[in-house]
Amino acid sequence: MSTLSSKIQDVFNEPGCDKNQGKSDKERKKGCTKQLQPGGAAGGCAFDGAKIALQPITDVAHLVHGPIACEGNSWDNRGAKSSGSRLYRTGFTTDINETDVVFGGEKRLYKSIREIVDKYDPPAVFVYQTCVPAMIGDDIEVVCKAASEKFGKPVVPVNAPGFVGVKNLGNKLAGEALLEHVIGTREPDYTTPYDINIIGEYNLAGELWQVKPLLDELGIRVLACISGDAKYHEVAQSHRARAAMMVCSKAMINVSRKMEERYGIPFFEGSFYGIGDMSDSLREIARLLIERGADAELSDRTEALIAREEARAWAALEPYRERLAGKRVLLITGGVKSWSVVAALQEVGLEIVGTSVKKSTREDKERIKEIMGEEAHMIEDMTPREMYRMLSEARADIMLSGGRSQFVALKAKMPWMDINQERHHAFAGYVGMVEMIRRLDLALHNPIWQQVRTPAPWLAAEASNLRSLDVAQRNPGPSGGTSPDLGVTACLQATA
Amino acid sequence: MASVVKSKKACTVNPLKMSQPVGGALAFMGVRGSMPLLHGSQGCTSFGLVLFVRHFRESIPLQTTAMSEVATVLGGYENVEQAVLNIAQRTQPSLIGICSTGVTETKGDDVEGFITLIRERHPELAHIGLVYASTPDFKGAFQDGWAAAVTRMVETLVEVPTGPPRRGQVNLLPGCHLTPGDIEELREIIEAFGLAPVILPDLSDSLDGHIPDDFTPTTLGGTTLADIAGMGRSELTLAVGEQMRPAAAALGAKTGVPYVLFERLTGLVANDAFLMRLSELSGRPVPAKYRRQRSQLEDAMLDGHFFFGGCKVALGAEPDLLYAVGSFLAEMGCQIAAAVTTTESPLLERLPCDEVLIGDLEDLEQRAGDCDLLITHAHGRQLAERLQLPFFRLGLPMFDRLGAAHQLTVGYRGTRGLVFDIGNLLLAHGHEPGPDDWRLAHEPAAATLAAD
Ligand code: SF4
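Line by line, the protein sequences are chains A and B.
Take the numbering used here: the final residue in the first sequence is number 496, and no numbers are missing along the way.
Take the numbering used here: the final residue in the second sequence is number 452, and no numbers are missing along the way.
Hint data in this document are derived by calculation from the structure and do not stem from the laboratory.
Keep in mind that the hints are not guaranteed to be accurate.
The list that follows gives simulated cross-link-like pairs (lysine-lysine, DSSO-like), each with its CA atoms no further than 27 Å apart [claimed, not checked]:
| hint | chain 1 | residue 1 | chain 2 | residue 2 |
| --- | --- | --- | --- | --- |
| 1 | B | 312 | A | 111 |
| 2 | A | 107 | B | 312 |
| 3 | A | 153 | A | 119 |
| 4 | A | 327 | A | 231 |
| 5 | A | 150 | B | 9 |
| 6 | B | 107 | A | 81 |
| 7 | B | 8 | A | 327 |
| 8 | B | 312 | A | 150 |
| 9 | B | 289 | A | 111 |
| 10 | B | 312 | B | 9 |
| 11 | A | 145 | B | 312 |
| 12 | A | 119 | B | 107 |
| 13 | A | 153 | B | 107 |
| 14 | A | 327 | A | 81 |
On a predicted model such as this, the values are computed, not experimentally measured, just so you know.
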């Protein structure tokens with residue numbers, strides 16, 4: 001526990017985070033998350049965050065140490081794609097029982113690791129700590145060390161039990177686990193001056209693959225993506241990259257910064273969402289690589305590729321401009337997406353009537369103002385009821401959010417599009433941007449809207465008493481049936 | 001008939017099981033104006049929420065006491081009190097259903113005591129029902145949590161009757177293996193006999209996927225507290241699924257209402273018994289509609305038995321669902337070649353097969369190799385792909401199909417639907433013979449000969 005709390009303090013002390021640096025020592029100790037409100041909060045836990053960050057490493061066995069709740073209720077629910085191994089999609093859990101709670105679950109954990117090694121022989125096992133074993137004092141670091149020695153394989157403890165904080169903290173603790181146990185433990189067969197790391201990209205719906213072909217064309221090699229579509233050995237040898245891109249999120253800033261510190265890998269923060277941001281990211285990657293020894297001509301080739309791809313994307317978007325002009329978007333999402341997506345949407349003339357900033361940092365908010373102007377409609381906290389009202393009063397034409405609030409929009413009979421992690425469509429890079437707008441257009445212009453918004457015909461009939469009386473008399477309704485006409489009759493009787 | 005075996009593995013691979021607290025939470029969602037509250041860390045709630053949203057494709061009311069590490073050590077009274085106050089203020093519920101989790105059970109929070117204290121300190125909350133169910137994550141499974149929550153609702157919310165039974169009122173206690181569509185079907189059947197059912201919990205009203213006129217942060221529908229209070233005035237309680245026995249018994253003990261337990265309502269004979277009972281109770285003959293449905297089911301069984309007969313099935317489900325569907329498939333001539341379940345139940349040993357394993361989907365995968373059909377919840381999709389088995393999705397979660405809430409397995413009509421849906425799957429995957437199908441064991445294949 002003490003190593004965990006010092007790690008948490010370390011993560012809270014992130015010098016790469018400006019917001020954090022603006023705080024007093026005491027404030028900083030409290031960390032970057034507000035105290036959660038009982039009965040008014042429902043985000044993921046730190047374990048959830050750690051799993052999200054590491055599960056995209058595809059050939060590793062991800063073993064969750066805890067009761068069935070943590071894995072049994074959640075496994076197989078994320079859309080990180082793999083080009084090879086499918087082991088990451090297998091749910092492994094110790095599923096501890098009452099006896100373990102009383103006598104400790106370390107033995108079961110050790111045996112579980114052995115079973116996994118015997119049956120699946122993965123290059124490594126990641127062990128996730130959860131709340132209950134943390135409470136009863138199971139020391140997963142010790143068990144992992146013993147297992148690692150015994151089985152001759154890396155067994156990596158990920159110490160992020162849910163109750164230490166929110167998802168975002170879990171992302172960082174996952175990063176710490178990589179820094180401590182994985183990164184730098186293996187040498188690549190060869191290196192080139194064109195080797196980069198991409199950090200904080202999880203390849204959801206295959207988004208990494210929307211970007212990778214561009215890098216391939218430029219001769220830039222992704223030495224490791226942390227962690228989308230990654231293999232264990234790639235992460236282990238990532239310390240030999242020349243430069244790194246941290247994907248528009250502070251979630252893994254500790255990894256980026258510590259790799260810069262330890263291995264001299266410079267990094268920048270960029271986004272793959274939106275045409276402008278995509279181009280900027282490519283430029284930045286080329287610039288950093290040239291700085292670190294790549295040939296200067298990379299810059300020209302990059303510009304040429306950008307010019308070609310941008311032209312292509314704009315041409316593909318052209319047909320949508322007219323159809324989408326002036327349509328109003330309500331954006332309910334967390335953190336960086338609040339600005340990276342805004343920029344993308346504005347590029348085709350959509351109007352953002354509001355963006356949530358609940359989980360955004362001060363810097364995120366600055367970016368929003370930069371993009372949307374001082375008048376930006378930033379929504380601090382919106383209850384589902386308010387969302388519903390806003391949509392049913394048609395103060396927005398479509399809502400973009402994570403899956404959990406989709407039904408607020410749909411019940412208000414308003415279009416909705418998923419932009420969070422469970423989404424099925426990939427929206428990165430130039431092709432992704434076009435896809436996002438295509439999907440948005442499809443959602444907005446689906447013919448169902450007209451039908452579902454038209455009230456039932458008998459409601460109009462009901463409005464004119466005479467006519468509905470007539471209907472009721474002509475159709476007394478079969479006994480025991482539930483025909484709408486019966487409803488009308490009953491209604492009339494009740495109001496008579 | 002079956003021997004019940006527990007998996008000896010230390011590591012659960014590809015869980016079939018979900019935890020008790022989320023089962024309890026779902027039960028609370030069948031009450032009108034209800035807000036389920038998990039007493040634990042926030043992640044447990046968040047996972048539960050995502051689980052239900054993916055399955056039902058509906059907004060899900062679910063809250064957390066947001067226990068931090070420190071709160072966990074100190075005990076959770078403040079968090080429970082705060083949560084109740086916040087929920088009361090924000091969402092004006094009629095009921096807050098509290099489920100414990102592994103975290104708070106390990107600490108040993110006395111939530112019953114907390115509630116007494118909250119009642120004392122906050123008389124302004126008197127109109128809100130507070131029900132607590134103990135549902136540790138490290139024991140039992142989803143259906144145990146559901147059963148616990150229903151039992152506690154009966155114990156806390158049902159009033160001791162003061163008058164005589166109301167003629168024609170019956171209680172229906174459906175297990176969590178019944179979908180909202182199933183519950184609706186049962187309601188219709190019961191009403192067709194002129195009876196008035198009080199259903200607890202009634203997901204058919206709250207999670208059946210309809211468009212409400214206004215938005216509510218609590219449940220959209222469900223049984224009202226008044227109806228629950230009046231359950232003691234019913235003539236009879238109909239419980240569906242072995243898991244509902246404790247709740248039915250508790251209701252009987254408190255109010256004197258007798259109960260009948262239907263272990264399943266899938267299959268011809270099972271439904272005959274159900275309709276007979278309703279007919280006796282109401283004094284009315286079985287309505288023509290159901291006579292017709294019965295004969296349609298008979299016809300479907302006759303048409304379908306060719307494809308079911310001898311078919312080897314691998315089945316993974318919670319005990320009550322396993323029993324209902326397993327028994328029905330056996331009645332259709334299938335062989336239950338592999339059966340895996342999540343938790344103990346007296347029904348397990350009565351399953352028509354050799355062995356029932358309390359285990360996970362890896363266990364099922366190992367046993368399903370030479371089966372013709374796989375039936376389990378959506379998590380079976382990976383193993384179905386690996387084993388190249390036709391796959392029928394059944395149970396919760398079903399996150400990769402539309403209309404999970406309306407899947408029907410009860411009544412003559414629901415059973416007929418199962419015959420058609422499963423039968424069609426078997427029909428589509430019929431085995432095409434090849435030249436090597438009947439080769440003798442000792443005779444080397446031609447290809448090998450040529451290669452040598
Ligand atoms: S909060 Fe703790 S117990 Fe709950 S899901 Fe997260 S790790 Fe598991």
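| query | Quick check: which numbered hints come out false for this structure? | reply | Of the numbered hints given earlier, those the structure breaks are 1, 2, 4, 6, 7, 8, 9, 11, 12, 13, 14, listed in rising order.
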